[in-house]
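Engineer: Each chain, letter by letter, is given below.
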Amino acid sequence: MGRTVGIDLGTTYSLIAYMDPQTGAPKCIPGPYGSTLCPSIVSVADDGKILVGDPARERLLTQPDRTIYSVKRLMGCGVADIQDELTRFPFRIDETSSNVIRFRLGDKLFTPPEISAYILRELKTWAEKYFGDTVDRAVITVPAYFNDAQRQATKDAGRLAGLEVLRLVNEPTAAALAYGLHKQKRGHVAVYDFGGGTFDISILKLVSTSEGDIYQVLSTNGDTHLGGDDIDNALMDVARREIRAQFGVELDRHGEAVQELRRVLIRAKHELSSSEKAIVKCRISSTQTYSREFTRTEFEDLIRPIVARTMAPVKLALADAKLDPKDMDEVVLVGGSTRIPLVRKTVGDYFQRAPHCELNPDEVVALGAAVQADILESGVKTMLLLDVTPLSLGIETMGGVVAKIIPRNSTIPASAQEMFTTGVENQTGIDVHVLQGERELAKDCRSLARFQLKVPPGPAGLARIEVKFLIDANGILQVAAKDLRSGGEHSIEVQPSYGLSDAEVEHMLEESIEFAEQDFADRQLIEARTEAEAILTATEKAFRDPRSVEISAAERRSIENSVASLRAAMAGKDYKLVRQRIDELNQATTNLAEILMNSALQTALEGKRLDDV
Amino acid sequence: MSVTKTQAQAITGSICWSCKAPVDGAHFCASCGKVQPLPPGTDYFGFFGWPHKLTIDPALLEEQFHKLSWKLHPDNFVRASEEERNLSLDRSSQLNDAYRTLRDPIARIEYLLLRLGLRKEGTTKQQAPPELLEEVFELNESLDELREARAEGGDVDALRGWLVEEQSNFKEKLEGVDAELQAVAREWDAALDANANDAARNALLARMNEILNRRSYIRNLVASVQKELE
Chain A
1 MGRTVGIDLG
11 TTYSLIAYMD
21 PQTGAPKCIP
31 GPYGSTLCPS
41 IVSVADDGKI
51 LVGDPARERL
61 LTQPDRTIYS
71 VKRLMGCGVA
81 DIQDELTRFP
91 FRIDETSSNV
101 IRFRLGDKLF
111 TPPEISAYIL
121 RELKTWAEKY
131 FGDTVDRAVI
141 TVPAYFNDAQ
151 RQATKDAGRL
161 AGLEVLRLVN
171 EPTAAALAYG
181 LHKQKRGHVA
191 VYDFGGGTFD
201 ISILKLVSTS
211 EGDIYQVLST
221 NGDTHLGGDD
231 IDNALMDVAR
241 REIRAQFGVE
251 LDRHGEAVQE
261 LRRVLIRAKH
271 ELSSSEKAIV
281 KCRISSTQTY
291 SREFTRTEFE
301 DLIRPIVART
311 MAPVKLALAD
321 AKLDPKDMDE
331 VVLVGGSTRI
341 PLVRKTVGDY
351 FQRAPHCELN
361 PDEVVALGAA
371 VQADILESGV
381 KTMLLLDVTP
391 LSLGIETMGG
401 VVAKIIPRNS
411 TIPASAQEMF
421 TTGVENQTGI
431 DVHVLQGERE
441 LAKDCRSLAR
451 FQLKVPPGPA
461 GLARIEVKFL
471 IDANGILQVA
481 AKDLRSGGEH
491 SIEVQPSYGL
501 SDAEVEHMLE
511 ESIEFAEQDF
521 ADRQLIEART
531 EAEAILTATE
541 KAFRDPRSVE
551 ISAAERRSIE
561 NSVASLRAAM
571 AGKDYKLVRQ
581 RIDELNQATT
591 NLAEILMNSA
601 LQTALEGKRL
611 DDV
Chain B
1 MSVTKTQAQA
11 ITGSICWSCK
21 APVDGAHFCA
31 SCGKVQPLPP
41 GTDYFGFFGW
51 PHKLTIDPAL
61 LEEQFHKLSW
71 KLHPDNFVRA
81 SEEERNLSLD
91 RSSQLNDAYR
101 TLRDPIARIE
111 YLLLRLGLRK
121 EGTTKQQAPP
131 ELLEEVFELN
141 ESLDELREAR
151 AEGGDVDALR
161 GWLVEEQSNF
171 KEKLEGVDAE
181 LQAVAREWDA
191 ALDANANDAA
201 RNALLARMNE
211 ILNRRSYIRN
221 LVASVQKELE
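In order, the protein sequences belong to chains A and B.
Letter 140 of the first sequence, counting from 1, is numbered 140 in the working numbering, and no numbers are missing.
Letter 147 of the second sequence, counting from 1, is numbered 147 in the working numbering, and no numbers are missing.
If we strip away everything but chain A, and leave its shape as in the complex, we get (with noise of 0.2 Å):
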C-alpha cells in the first residue's frame, strides 16, 4: 500500500501535501522545477505525448489549439452551461458534445475528467519522486458550491488518475482546518475563498468537545463560475476593444497574441496588488505594438462588479446561518484573487474587521486537504469536519414544480425517503426525475439524473416503491429504491443528466491501460532495432572477413535472406516480429560464427547476443 496526500486541484494551479510525521504539520510537495504550484494547464505534443504544468503553460503561446487551461470550469458541465465560457476561453468544444463537454487538442478528443486525470497524475509523480514510495489514496479538495455532477467528475477524474479517493473536501472547510490549526481559535469563521475560477463562502462554528475540535459548517454559498479569471477576461475586453480602435485588428480568439496579451494582463493583474500602477505591452504583430498603463484606481473601477458579485453569496450565507457580519469572530481569505486589496478592503469592510491572510492562500487548501487524509488514512481522529451539501435536494412533481426533500446547508450524510405508486390502472413504471437548486420550477433546477421505477401492471396506487436518497460525506447523491410490498431491493438504472456514466469511465480507464501497453510496446520497438542494428553490423563485417569464403554459396544466401528479412521487420512496428528475425539471423549465422571462431568476429557475434538477450 503506498502513501496517501491531499490534493487542492485548482482552476489556476494544483497542488499536493501531505502530513509530516516529523513535525506533525502538513507540508505541500515541490515538483521538478522547485515551486509548490502546479499550472492547471495541460498539453498535447505533435507526437502524442501529454505534458502538464510549467512545459505546458510554455507551449499556451506556442501551441495554443492543443493546451488547455482552466478546465475545472467546464467539470460536470453540460455545452449549454459554458456558452457564456465559449466567448472568452479559447475552449475547442467538439460538435459531438452535449451533456459532457468533449474538446479538441490535436487530433484527440478529452473529456474535462481526463484532462484532469492527467493534472492529478502529474502532482501523484512529484510525490511519489519526493517520497520514492508509490501514492495510492488522496483526499481532493473542490469548491463548496460544486453540485453534484461537478464532484462526480471530480472522482471520476481521481479513478482515471490511478488514486483511491478517499473524500472529496469542500474547499474553504479545508482551508478552515489548516487555518484553525494553525491559530487554535474557537467561535464563528467566515472563509471567503476567491480563487481562480470559483467563488465560496463558508460559516462555520468551530467548537471544543471532550472527544475533540469540531468544525461545524453552518452554511455555504458561491458561484463555480466567478474567479480571478473573471477579472482576466475583463482585462481582456479592454485591451481588445482598445486593439480594435487603435489598429483596427480583431485578435483571433485562439491566436498566440491573444495567449500573450492574456500573460502580460495577468502579470500586470498581480503588480497592481502591490503597485499603484502597472505597465502593459504586447507585440500583436510584426509592426504593431500595444501598449498601455494601468493605474490601480481604474483597475479597481474594472473589476468592482466582478467583486460586488461576491458579496451576493456572503450575504446569503449569514443569513443561512441565522448570524450578522458583527457575530463573526474571524474572517479568513483564501484563494490568490483574495491579494487584491480592493477585495481584501471590501471584505473588511463588511465584516468591519481586518480579514487574516497570514497563511499563504494558495497553499492553505493543499494543507488542509492533507489534514484530513491523515486523519481518514490512520484512523486517529483529532478533529471532525461536518459539512452541509450547498444545494437543495429536490424532485420534479405535478406541473414542473420540485418537491424540496434535502433542504440546502444540510449537514452530510443527509437522507430522505420518498414513496412512489402508480397514478393510473396498469401503469408499468414510475419516473422520477432528481434536481438540485433552489428555484421553484424544475426548469430553473440542475437536472441530476432520470430514472423509471418498473412496476407490474396493476390496480392504480398498488405499488409501493420508496426510494431513498442519500448525500454521502463528498456531497454526492445515491440512490436506493425498496419495494415495500414484497419487501425486496428494487433495481434502478439511473442516466446521470452530465457527466460520464459508470460505463464511460471504465471504458476509459481501459483505453488508458491500453495507453500504457501502447506505451511498453514502444518502448519494446526501440530496444528491438538498436539490437538488430547491432546484429546487421556485426553480421556485415563477418562477411568482410577474409575466412567467410569458406561458407558455401547456399549459406550465404541464407544469411543475406534473413537480413532482408529483418530489416523489413524493423521498418514495421512490431517489435514481436524484429525479435523473431533477429533470432533467425542468429541461427542463420552459427555456422559462419563457428568459422570465425578465435577471431575478434566472433566475440562481436557471441557478445552482442549475451549482451542484448
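No wet-lab data here; the hints were simulated from the structure.
Cβ atoms here follow ideal geometry from the backbone N, Cα and C, with glycine treated the same way.
It is possible that part of the hints are untrue.
If you anchor each label on the Cβ, the simulated ranges turn out as follows [unchecked claim]:
| hint | chain 1 | residue 1 | chain 2 | residue 2 | range |
| --- | --- | --- | --- | --- | --- |
| 1 | B | A190 | A | R439 | 41 to 49 Å |
| 2 | B | K67 | A | G458 | 45 to 53 Å |
| 3 | B | A149 | A | T289 | 38 to 46 Å |
| 4 | A | G212 | B | S224 | 42 to 50 Å |
| 5 | B | A149 | A | D431 | 41 to 49 Å |
| 6 | B | R79 | A | R186 | 28 to 36 Å |
| 7 | A | D444 | B | S2 | 39 to 47 Å |
| 8 | B | E165 | A | P341 | 39 to 47 Å |
| 9 | A | G162 | B | R79 | 15 to 23 Å |
| 10 | A | T295 | B | A80 | 53 to 61 Å |
| 11 | B | A191 | A | V380 | 33 to 41 Å |
| 12 | B | R147 | A | E250 | 42 to 50 Å |
| 13 | B | L114 | A | G461 | 14 to 22 Å |
Pairs of lysine-lysine, DSS-like flavour, derived with a Cα cap of 27 Å [as the list claims (entries may be wrong)]:
| hint | chain 1 | residue 1 | chain 2 | residue 2 |
| --- | --- | --- | --- | --- |
| 14 | B | K173 | A | K322 |
| 15 | B | K227 | A | K404 |
| 16 | B | K71 | A | K205 |
| 17 | B | K171 | A | K326 |
| 18 | B | K71 | A | K468 |
Mind docking chain B on chain A? Use the hints.
Structural biologist: Same frame as chain A, now just chain B:
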C-alpha cells in the same frame, strides 16, 4: 450520483449483527463495539433516546449531536468493512436528519404530527383563518394593484408603502400564532408527563395541527408580499 443497494433488513434486530450480543436499539454494540442498524420505526426523538416531548433544550441537542457525530461519522469507517461503512452512513445521515428537524421548533411539531399520522408529507394544508378573511382579501387586492401599476409603469411607491405596513402587520400575526403553538406544545409535554389519556392527547395534537395550517397560510402570505416587494 450513483445507485446503491438498500440495507438488508434481516440484520436489524435486538441482537448485534456481528457478535450476536443483545443490543436493544443502541448505536453501538456494548460487547464488540460495532455500529448497529437502526431498529425499524425509530423516530428522530427516539434516535436520541428521548420521549415525544416538544420542549428541547437547544444546547443539549447540539451537545448530543456533536457527541454522536464524533462516533458515527463515516470518517471513522474509511478502513472498515463495507457493511460497517454502510451502517455508519445510514446512522450518521439519520443523526443529521434528526438534528436538522428537531432543532427547528416548528419542524419538530410538524414532524411529530407526521409520525402520529395527523399530517401527510408534502401536503401542507393551508387554512385561511376566518377572522383574517377581510384583511387577506384587501391584501390580495393591493398585491394585484401593485402588479398592474408595475406593468403599466404607474406609481408604485404609495402601494409599496402600504404593503410594507401590511406585511409587518401579518408578521406580527405570525408571531402571535407561533406563541399560541408553543403554548399548546407545552400543554402536550405536560400531558405526557401526566400520562394523559389518548383523547386528551389527540385533542392537543388536533389543536396543533389546526394552528399549523393557519400558520402556513399566513407565512405564505408574508412570503408572497416579500416577493412582490423585492
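Engineer: It remains to establish, for every hint, whether it holds in the given structure.
Structural biologist: Taking the hints in turn, this is what the structure says about them:
1. The given range of 41 to 49 Å is respected by A190/B and R439/A, whose C-beta atoms sit roughly 43 Å from each other.
2. Checking the proposed 45 to 53 Å range against K67/B and G458/A shows it holds: the Cβ atoms sit about 47 Å from each other.
3. The hinted window of 38 to 46 Å between A149/B and T289/A is violated, with their beta carbons roughly 57 Å apart.
4. Here the CB-CB span from G212/A to S224/B is close to 46 Å, well matched to the stated 42 to 50 Å.
5. Distance hint for A149/B and D431/A: a CB-CB separation of about 42 Å, consistent with the stated range 41 to 49 Å.
6. In this structure the hint that R79/B and R186/A lie 28 to 36 Å apart at CB holds, the actual value being about 30 Å.
7. Look at D444/A against S2/B: about 25 Å separates their beta carbons, and that is not inside 39 to 47 Å.
8. For the hinted restraint 39 to 47 Å between E165/B and P341/A, the CB-CB distance of approximately 43 Å keeps it satisfied.
9. Taking 15 to 23 Å as the suggested C-beta distance range, the pair G162/A and R79/B conforms, at roughly 20 Å.
10. Separated by about 59 Å at the C-beta atoms, T295/A and A80/B satisfy the suggested range of 53 to 61 Å.
11. Roughly 48 Å separates the CB atoms of A191/B and V380/A, a value that falls outside the hinted 33 to 41 Å.
12. In this structure the supplied range 42 to 50 Å holds for R147/B paired with E250/A, their Cβ-Cβ distance being about 45 Å.
13. Against the hinted window of 14 to 22 Å, the Cβ-Cβ separation of L114/B and G461/A comes to about 20 Å, which satisfies the hint.
14. At most 27 Å may separate the alpha-carbon atoms for a hinted pair to count; K173/B and K322/A meet this at roughly 22 Å.
15. For a cut-off of 27 Å, the pair hint linking K227/B to K404/A stands: about 19 Å separates their Cα positions.
16. Straight-line distance between C-alpha atoms of K71/B and K205/A comes to about 19 Å, which keeps the hinted pair within the 27 Å bound.
17. Annotation: proposed proximity of K171/B to K326/A holds, straight-line Cα distance about 25 Å (limit 27 Å).
18. Of the pairs offered as hints, the one joining K71/B and K468/A holds, with about 23 Å between alpha carbons and a cut-off of 27 Å not exceeded.
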